[in-house]
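Got chain A; can you put chain B on it based on the hints?
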Amino acid sequence: MAKYTLKINQQQYTVEADPQTPLLWVIRDEVGLTGTKFGCGIAQCGACTVHLNGTPVRSCTLPVSATVDQNITTIEGLSDDNSHPVQKAWLEVQAPQCGYCQSGQIMSATALLNSNPKPTDDDIDTAMAGNICRCGTYPRIRKAIHLASKEMTNGSK
Amino acid sequence: MLAVGFESLAFGDNSRLKMMMAEDFVEGTALNPFVIISEDGTISIMAHVPELGQGIFQGIPAIIAEELEVRMNQVTIVKASASRQYGQQSIGGSRSVKTMFTPMRQLGAATREVLIEAAANKWGIDKSQCYAKEGKVFRKDTQASIEYKDLVKVASALELPKNVALKSKADFNIIGKSTNRPDLVGKVNGTADYGLDAKTEGLVYATIERCPTLQGTVKSYDKAAALSVNGVTDVMEVTRTVYGKKNTGIAVIAKNYFAAAQGRKKLNVQWDNAEFTKVSTDDLFNDMRALAKTDGLEHFEKGNFVENLNSASEVLEATYELPYLSHTCMEPMNATVHVREDNTVEVWAPSQSPQVQRQFARELGIPDDQAEEKIKVHLPFMGGGFGRRSMNDALEECFQISKALRKPVKLIWSREDDTSQGPFRQGTVHAFKATFDKSNKTLGMQHKMVSQAITTQGRPSNGRVPFEVMEAINTHYEFEHLSVRYAEYQSQIPIHWWRSVFASTNGVAHEAFIDEMAIKANEDPLQFRKNRLKSEPRFVKVLERLEKEANWNAPLSSNEGKGVAIVESFGTIVAHALFLKKENGKVTIPRVVSVVDCGIYINSDQVKAQTEGNIIFGLTAALKDPITFKNGAAEQSNFNDYRMLRINEAPKDIQIHLMENEEAPGGVGEPGLPPIGSALLNAVFNLSQKRIRKLPFDLQSV
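Taken in order, these protein sequences are the chains called A and B. Numbering-wise (numbering that gives the first Met the number 0), the first sequence opens with residue 0 and increments by one. Numbering-wise (numbering that gives the first Met the number 0), the second sequence opens with residue 0 and increments by one.
Bound-form chain A, shown alone (with noise of 0.2 angstroms):
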């Protein structure tokens, strides 16, 4: 066991953890966010995406030693609202169905958008193939995600 100073959403949590430890299960079971979803523990499914420094990342195989000192970004950090452009397109479109997918669908959108404002469909393939939904929202999540692309291009200009 070891001492971790973890910022997470822009604020400070000390964990004593195992080195070896997933972030995953640091974030949900220490720091007590749990809107970052175990799927898979193989970096297979996408449920446990969040940020690192902004990449979007599995946190299911990542050791939680060596996430110190980066900026991790949950799904609770993306707004304190549900402003995020990409939050309100996701309920504009009414995307999830049970949900349990959804963070980290939202998260590796929102890495998407970040890098490439516009993205194509094929791009949204190639970013989002990552991330399994069992309840087949696809084609909703797809919607959104062009639907978030125009608002925050429309913003930016």
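To list a few chain B residues with every Cβ distance to chain A over 12 angstroms, as calculated: (1) Phe275; (2) Ser279; (3) Glu300; (4) Ala311; (5) Glu362; (6) Asp436; (7) Gln491; (8) Asn685.
Which bits of chain A does chain B cover? Going by a derived footprint, with three or more residues having C-beta under 8 angstroms, they are: (9) 12-22; (10) 39-45; (11) 75-84; (12) 134-143.
Think about it this way: if two alpha-carbon atoms lie no more than 27 angstroms apart in a straight line, the pair counts; the simulated BS3-like pairs of lysine-lysine are: (13) A:Lys149 to A:Lys87; (14) A:Lys142 to B:Lys585; (15) A:Lys142 to B:Lys580; (16) A:Lys149 to B:Lys651; (17) A:Lys142 to B:Lys651; (18) B:Lys432 to B:Lys519; (19) A:Lys142 to B:Lys581; (20) B:Lys264 to A:Lys2; (21) B:Lys623 to A:Lys142; (22) B:Lys580 to B:Lys623; (23) A:Lys6 to B:Lys254; (24) A:Lys117 to B:Lys585.
What the hints contain is simulated information worked out from the structure, not anything from laboratory work. The C-beta atom is built at its ideal place from N, Cα and C for all residues, glycine as well.
Frame of chain A; chain B shown alone:
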């Protein structure tokens, strides 16, 4: 007050472990267990049916609100806990709206009536001189009004009337419209509470090593090695019961999940499972193929197919095979249970059958009449269910651990546990024969279905056709001779309700063979169906609508294909038209057009969402991995070898059209699934002249 304060519960005065349930936080006066109105005007409606993605959190309260005469934006929906005061809370068979539509309307209407009566009494006029609208009672003469909040105290003393007249469809303000789901807000910001998110003080984490062959006994394991892992506190044997078969697993309990999982790796369990290691997928299907040659049991007979078979000029034969599958909810199986020293219990049950109080009470020696008082059950949101969560095996395992430790325990199944431990969707074999005259006119059809049955597992079959197995075999097709038969297969593989259950296999095979018959008869597959379903006008109307919406008769390029299928299941008819395109050697599904006739529906957008989901779910079943068995164990374990359809493979354009009528509500959560597999197979034939009869298959191979 409906809300029962915890002080009144028998926990003892100095208990600091007070079980606060959703109901305890609802302020106001209860007019019945579902509707509570506070003096500040908050109208709370309890969502008592567990939500796993089907939209019922909004659906049932919407039905009540319609007759209560309030707008949805005046309503606060509160997620209920499990309690007998709400009646049945189990979900499955796409039945929630189907079975609760009328009772919930009656409840809403009766509640509205006592509010009207309270107002009429206040004004000293007859209640027929009043009406309710948007949370107020108005008098017809002066249009003066009183808000519900100012009537609720008086109204709560009045008796709820029976047999109140219900609104007609034309007067609906909420039912049939598209309404946003309030639970989705928490699902885009991370605050929605799923079973896996249960939080309580002093929580410990458990994982369980179970026999890979699903049955077997424990010979030995290294308890000390597991306990040597930092953080591991306990190792114990736990029983999992699946359809009456009990098997022991070894639970490792630790301060956190990572430590528990590390401890589990060190258990080195030796199993005695020799007698269960012989099962393989090849053997299962060889057995079922052999059964397909037997007569089987009669399900439906019309004309005389056997005689017709001997005299017909042409006979078409085909056998379809569908695989075993895993449910694979995105949220792996889990449960959280706290059995306290004082024998009170708090449960977080991500379950489709959450009313477990009496079951657990009996195991603790608590009398039935105290079960609800001493055992409290939260209903978290569920990350999918698909039938899997109607089995409470994880909950029962967790209860045992907590009962032994008297600590709050969260049991988490790994994805590998979830994929490989079953119970599974049944594998099936379908043997078809069709007869034709000299000019290829259809005469008769036989469908022999071979499979395990869900309801006869663990007990001898009684020689009758179990009620669930013939779902969605359409006997409305007007053939002179029609024979539908079932041969039961017995196996040690546990099977369980899987989204649309036997419709998920029967609907695919039956509608693919209907297509083969249409081709043999030289008819357009859609017209063939229309022409032979004339006795069922709802089917014909759905097909006509699909023909138009999908522009079915428009010519396709040589690199395109189209397929149609129509299946009725759970009281709803769904037809899909699926289009394929082959470009640069790659086959894609650019478009699916669907028509749904589910009678009266609550939320049009949710019918569409569920149908979109069913399309993707059914395509995954047809195109992705099967569960196969080797040496008694499932060979797949996680998303690397049990793959799901991903966004790049999903149809980009899915259009769902709803039929408008006044038929009673049918199911919505499942009926979109059965016809998609057959529409796909039929489109593959249309594109490539290849007839695929064994699922799953590789779309790129056509």
